[in-house]
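Residue numbers are given in numbering that gives the first Met the number 0: position 116 of the sequence shown equals residue 115, and the series is strictly consecutive.
Derived by calculation from the structure, the hints in this document are not laboratory data.
Heads up, a few of these hints could be off.
As the list claims (entries may be wrong) - SDA-like mimics (lysine to any residue), calculated; alpha carbons at most 20 Å apart, straight line:
| no. | residue 1 | residue 2 |
| --- | --- | --- |
| 1 | K25 | P88 |
| 2 | K183 | E89 |
| 3 | K183 | L73 |
| 4 | K25 | G51 |
| 5 | K25 | R112 |
| 6 | K25 | C96 |
| 7 | K25 | E63 |
None of the values given here were measured: they were computed from a predicted structure.
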Amino acid sequence: MVRDLAFGGPLPCYAGQIVWRSVVAKRPGGLEDVTVVMGEGCFFGLVPMGGGRTYGFGGLDAAEPGPDPLAGRLGRVRARFAALGGPVPEYMDALSCDGEIRYDVIEWLEMDRWHAGRVVLIGDAAHASPPHMGQGGTMAMEDAVVLGEVLHEADTIEHALTAYVERRRPRVEWVQEQSRAALKSWLLPPSVRDAALRERGDRMMEARFAPLRAAP
């Protein structure tokens, strides 16, 4: 709403995947770290949370996003990911009703400007990325820290906002570029994707996150 009123857009871009997200009050057996199970044109991720809960996100490749009515959603989600193994079946069994599952489309956003007058955007409102690096919340928190620093140091609001964009844009553009690259790799046919991940997945992960170790 703020972006539309202050900047007139733009609209987010569809990234080629739809996703169902949920949280259950149990931990599938053996799940200790973030785990992504990949299948033919789909994936299901599991993230251990506090209190023995688990966050799950199931994604499906789709050329065009379509509606997913709430009624009957649990049954459809179970059917879509029934072929996946590992901890996924146990997670699915812990879901109990349609209302536990949220449906979204995966999108990304690029803007030429992040501020207009004294209106400034941070986080996904300014530079949403596909979630394949898990950096959306982190980027928003970094934005807030940098914005606070430049507002404290600059002599005018205008200079502060200019400094904010100059500091943040290179790092944000890296995350956006790498997040889209990760998404594209997940969209590859399994015969190509799986071989590449087995051969150099660890090296790709290391290279993708290495520039983010420095302070923002």
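Structure-based check of all given hints:
no. : hint        : verdict
1   : K25 to P88  : holds (13 Å)
2   : K183 to E89 : violated (28 Å)
3   : K183 to L73 : violated (27 Å)
4   : K25 to G51  : holds (5 Å)
5   : K25 to R112 : violated (43 Å)
6   : K25 to C96  : holds (15 Å)
7   : K25 to E63  : violated (33 Å)
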